[in-house]
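Visitor: Combine the two chains into a complex, taking the hints into account.
One line per chain: the protein sequences are A and B, in this order. Under the working numbering, residues 1 to 513 are what the first sequence spells out, in order. Under the working numbering, residues 1 to 249 are what the second sequence spells out, in order.
You may find that some hints are simply not true.
[Claimed, not checked] Pulled from the structure, derived: some chain B residues nowhere near chain A, Cβ distances all over 12 Å:
1. Pro8
2. Ala24
3. Asn31
4. Gly37
5. Ser46
6. Val80
7. Val90
8. Ser147
9. Asp177
10. Thr180
11. His204
12. Arg215
13. Thr229
14. Ala235
15. Asn238
16. Lys240
[Stated by the list, open to error] Covered stretches of chain A (in silico footprint by chain B; criterion: 3 or more residues with CB under 8 Å from a CB of chain B, positions within the stretch not fixed):
17. 114 to 121
18. 131 to 145
Since the hints were made in silico from the structure, they are not lab data. Since this is a predicted model, take the numbers as computed values, not measurements. Using N, Cα and C, we set each Cβ at its ideal position, and we do this for glycine too.
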Amino acid sequence: MNFWHFLQANWPELLTLIRQHIVLVIASIAIAVFIGVPTGILLTRYRHARNPVLGIANIMQTIPSLALFGFLIPLPFIGGIGTRTALVALVLYSLLPIIRNTVTGVLGVDPNVREAAVAMGMTDGQVLRQVELPLAMGVIVTGVRVATVIAVGVTTIAAAVGAGGLGVYIFRGLRQYDNNLLLAGALAAALLALIADFLLGLVEQQFSFEGKRNRVTSVQRVLLVIIGVVVVAGVVFGLRSRPTNQTASSENRVVIASKDFTESIILAEIAAQMLEARGVAVERRFELGGNLPHEALLSGTADLYPEYTGTAYTAILQHTPIGDPHKVFAEVKQEYGAKFNLEISQPLGFENTFAILIRGNDARRLKLRTISDAVSQAPKWRAGLGQDFMSRADGFPGFSKAYGLRFLEVREMDLSLTYIALSSKQVDLIAGNSTEGRIATLDLFQLEDDRHYFPPYEAVYIFRKAALTPALNEMLSKLSNAITTDEMRRLNYEVDGNKRGVKDVVKEWLAKK
Amino acid sequence: MADSTDQPLVEFGNVSYSVPNASAPIISNLNLQVRLGETLVLLGESGCGKTTTLKLVNRLYTPSSGEVLVEGKSTRDWDVIALRRRIGYVIQEGGLFPHFTIARNVGLVPSLSGWEEQKTNKRVTELLEIVGLDPNRFAERYPRELSGGQRQRVGVARALAADPALLLLDEPFGALDPLTRASLQKEFAGLTKRLQKTAILVTHDVREALLLGDRIALMHAGEIVLLETPKGFLASQNTKVRGYLETLE
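So that you can see chain B by itself, here it is in the shape it has in the complex (with noise of 0.2 Å):
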């Protein structure tokens, strides 16, 4: 882990993602640095390609051309096991698997890694209190019985497990009501830095964004059209962050 701050720990360099037989490349010759203990928000409209920006990053997609480097090394380099063990991931709803306990669950990644039943379970119950759980309530409960909030804490705490430097959400909150939204992105924001997490958060919700984003990269078509703070992103005259602001009125 680098120890400099000037040291990005997710940095993008000239990245063009296409599939075989499409028109246009899904990424087209991106650049991005992701500065270690900063929340980056990509926001956007459907299709833009956030959530495959999101997704090369832990390889689930792998570069047509150019480089995604982690903690200063390709990805293309890394054991793809061991990258992704190191990078936390959260979707919408949460992406449990039905069939395993709350439990089991927010312990998937530390018993991959081998670690002692003992050790698991002492940060499974860590982690749910963290995101606001009772442990003695919910550890031995499978995912159909939770509420669709709840399940999300469970997901958070899923992708918090192994303690990674690094979080990858895709939409995290899109699915949750209003109200549950609105405190989850709360408790979210002080999580994140109460643990020093560095965090890539995909989202089309621009007032998420303002709030949970230290930076904002607003992409069109496979391109970062703008990225700045949430000041310097209210303050902008781009067309396209008027037409997000005016939302907000």
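Just chain A, same shape as in the assembly (with noise of 0.2 Å):
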């Protein structure tokens, strides 16, 4: 499907996006300017406060975005998911440029200006309200401009904590090998940015009391829209083409790549960790985005990553899910071969598919045990998804149409964030993995697939035949339904609930086999 196709086929969808992109930047703005704006002015009167205020909200802007969403989470009353605590976090994002501008705009007035307005008889609060405010508002509309272009690009991880925005789309378009999700939001979010940063640029010159400067602003702002064009466009697609810079590995080498998650990083240490004991020397590029370990075995910069039949069947060769896992190996280790030159290990002896999870407490109280018994309260019941499950085939669109399932309210956020939510009540079911390990520390229950919708998810590893030495052989014929379900959640659980480290968690787990 071309973009043009895409866009038609997904306008509707795409319009709502970024409504709610907007939306969640203008709130959170004007929330910023009520705070931040008379934290600023107090700033100019309490010159001790200062620094400290300052540096605070400076700290508030490293803290990364996705972080600061997972501290927010589980918080009671700015936190939970969706819009509150985005607007929570890119209020705290927005307002540094804020408070700094007011700060800098007030202190910047002239101060033979502002002797005079005290000279005259002017109350602190007339030199303020009169002179000082009105002549640093261009400055103080600059930090808002600032603030708002920002604000634009941190919307986009919004998504994360099922607040939409266009974030949605790019983020699934990363997961799903998707370049046109990903160009629909990244260029929707970019011109978002160029839109706001024009029209408070026209803001910002009635308020400029200099004159003579008009023309050579328009000729930079045409210079930062070509400049910000490109470097949107440098970002978008240097994403994409990021692993192919690197270089291939030689002969002794191997480089092993996995997914961004805690099992696909444990699976990829079990077979470094293996190689290196045979001498291998090994290149870790671990915890990488959506299908980028998959482009990367294509392009040759790395030589190994674990991966699941169900997903290389579905997501990356595009068919419509089956049930039968060795029908699923077998075509997917036939395509793989005659597509992409690529080698699949045999199973390593556990699935990790969807697990419908709800709490324990729920069904206990409840007494249920499949997902077909939960279908008379599901009604009730508000369901938090990962973007993965919302938008595959064999996700919630045909999970949801095979048990006749309807949610009072079905939440698109992050995977990992979802048990969190689960658990503090902020939803009801999610759809999670079968060996996440916070099943068992979370006390969450896994609702079974009793009409066996789900396809195989058996763990594999994928490697470019040039990579197979007789090391790499020995090792994948020793992990051979070498894993079981247990063991990975017991993996897991080392590692996401015990905050172990992976290496020593693999090391451990070696030692005894």
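Guide: And the structure:
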């Protein structure tokens, strides 16, 4: 499907996301102005508080946005999932430029003008309202402008907590290896940023009292827009092509990649340590987003990564899901060899399929065991579902149809956050991973897939044929059918639940084997 | 307002002013009387304390010791806002508010003092005429659209707005070109006489001091070294005075 057809087909959804995005940005900037400008004014009056307050605002901005969302979810009142959490985070990010520019703007008023105002017999309030604020307004608007452009960018992360916005397309595009989604989300966000920047630039000009500068700034603005487009395009396409500019592996060195979740990292580390024990030099390129590991193998910048047959079958080969594990494995093996020149190892022994999870309490109280048991409860429940599950063919659309499920509300959010959301009662049902370590630690209950809807997701390694050495071969045959679902859950739990390092956990497990 | 000409409008009594962490006081033990209706010039080099002396009058600064009396009342006892609204203040380049029109700049103190709009507008028109600016042409313009000399005229008009008895002027003509300066100085001299204003004017220009001053106070290192009429100043044998006068020849 080309981009134009994609837009035609998805126009209504894209418009909804754009609207959510704009609402989030405007609401958060409005709140940030309401808090930031008075704070900035106070800081011009109480100089001792200036550095500490600006320091705190500065630190706020350095917290990675996904981490900030993670901190906020369990908090009462301001936390949870959805729009409110996103707003809190966005406001925190927007405060610094607004406070700082208010301080700079007010303190930057010509001292002669300020002194004249005082000497004319203006009270402090009159000096502020009639002289300092009007003259600082240009600089303050610049701060709002900077904050707005930042907020348009950060809002894309808000999709991780189920607040919607264009991040939904960007995250989904990354995960599904779908350039149309990625481009639609990123282009729309970039356009929003440019438009916001342009409009606030016009507002800013209204507060220029010096004159004679307008022509220069309009030339600068055109330059800025061009630079902005180039940067955004660079980021979008750079993201796609990142692995290609790395060097390929040489003969006695193996590059191992993993996806950006714990289990993938553990499996990659197991392969790495086993090869290292055989004296093979290993380079680790872990935690790649979306389908970057697959792409890395195709471009020869990585040699091996852990994958699931179901994912390969549906997400990469784009087949409709089927239930027979042997058939899935055979077809993946055959097609990968023919299409990509990639090999598939024997299954590692466990499946990581979608696990439909509810709170253990609810399961015991309502005596629920299977997904069919839960169908009658679902209309009272809110579901929190990862972007992946929401969008893929074998995910929510097919699943809800197969069981006839209807929920009170369905929220799309970052997968790893759904577990916390479930246990803190923000949602009532999630689609997690069957090997997730937190299923035990958070007392979650996995409903049985009694209609065998979910396709098989057997763990395997995928590797480049050129990378096959005797050492690699030996490692793969040792790992064939060597890891049970229980063992995988325990390994995941050691890392996610007990917060231990992946290397130690894997070393311990290999020693026992 | 005192009606006797014997009563000084402004009186400095043993005034010292210093800032923390400075080795020497900026003003030390200053005594000075400014009589009603006269123009007193504070003459001196940069850093001699002449601007500080000026700012002690409208309490932009408060004396560290001693008293500054305005209309017989210490600046400490004045309501500072009321005090400042009774005193016209003119600084270099006018110190105009760049975001106000000329009319709003000139009418600032009247409108702060709660005059009716009509009365303020009438006063603004009157004042612009007094300082030689056509109200129809200039009232709705912004300061950036005016030349330096025009801005300075607006600065004077603003200071005169509430009809204060006292004007403080801090190097009001310092930033102007020589021709504009000379004509504005002459107009100003005529204006203060005609309107019977008392004025304290700070300058480092001895020509200006001789032209505008009824008396000249020569300042050095925070003290008044000489207080004379222009005639007495020209006749003085003080080495500093001779140094100044040599620049004229």
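Visitor: Decide, hint by hint, whether the structure agrees.
Guide: These are the hints, each one checked on the structure:
1. Pro8: The claim stands: Pro8/B keeps its Cβ more than 12 Å from every Cβ of chain A (closest is about 21 Å).
2. Ala24: 24 Å, holds
3. Asn31: 24 Å, holds
4. Gly37: 22 Å, holds
5. Ser46: 16 Å, holds
6. Val80: 8 Å, violated
7. Val90: 9 Å, violated
8. Ser147: 14 Å, holds
9. Asp177: 20 Å, holds
10. Thr180: 20 Å, holds
11. His204: The claim stands: His204/B keeps its Cβ more than 12 Å from every Cβ of chain A (closest is about 18 Å).
12. Arg215: Its Cβ never comes within 12 Å of chain A, the nearest being 24 Å, so this holds.
13. Thr229: At about 29 Å from chain A, Thr229/B clears the 12 Å cut-off, so the statement holds.
14. Ala235: Non-interface label stands for Ala235/B: nearest chain A Cβ at 36 Å, farther than 12 Å.
15. Asn238: Per Cβ check, Asn238/B is outside 12 Å of chain A; nearest 32 Å; holds.
16. Lys240: 29 Å, holds
17. 114 to 121: Our answer is that it holds, as 7 residues pass the Cβ test (under 8 Å) against chain B, meeting three.
18. 131 to 145: That given contact holds, which follows from 3 residues of the region 131 to 145 of chain A lying within Cβ reach (below 8 Å) of chain B.
Checked against the numbered hints above, the structure breaks hints 6, 7 and satisfies the rest.
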